[in-house]
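A.B. asks: All letters in the sequence shown, in the order written, are residues 1 to 109 by full-length UniProt numbering.
In case anyone wonders, no lab produced these hints; they're calculated from the structure. All the given hints hold, so there is nothing to weed out.
Beta-carbon label-pair distances, calculated as ranges: (1) VAL70 to LYS18: 40 to 46 Å; (2) ILE98 to LEU64: 40 to 46 Å; (3) ILE3 to ALA106: 34 to 40 Å.
Pairs of lysine-lysine residues, derived as DSS-like cross-links and limited to a Cα-Cα distance of at most 25 Å, are as follows: (4) LYS105 to LYS20; (5) LYS101 to LYS21; (6) LYS20 to LYS101; (7) LYS100 to LYS20; (8) LYS18 to LYS100; (9) LYS105 to LYS21.
Cβ atoms here follow ideal geometry from the backbone N, Cα and C, with glycine treated the same way.
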Amino acid sequence: SIIGWFIAETLASTMKYKDKKAIILSYVLGSTLQTALFTLPMYLSHGEYFVQRKEILHLTDEALQRYLQVVGSWQMYGSMIALTVITSFAGAWISIRILKKHFEKAGMV
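Model the full structure from these sequences, guided by the hints.
C.D. replies: This is the structure:
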């Protein structure tokens with residue numbers, strides 16, 4: 001996941017942090033890569049991740065079976081990534097609007 005944030009930071013720094021679209025894009029990219037790369041081993045292992053950590057995660061047999069049904073689906077992985085893109089874009093866009101408002105109010109812009 002640090003690789004994703006390194007790529008995002010490189011993108012933002014090449015634009016010298018002046019282009020709002022590049023800042024939003026780099027945040028969305030960093031968030032998405034962090035989510036995708038962090039959870040990828042769980043999906044690639046086809047649930048073995050949860051089976052090995054059943055006691056650590058305090059999972060009942062019923063809960064473990066439910067997790068395995070959900071995690072075994074690549075549709076869930078794709079949905080998770082799509083939701084990350086949407087929510088990180090919304091968060092970045094709202095944050096930039098709030099920061100702009102506060103900087104204008106302070107007379108810094």
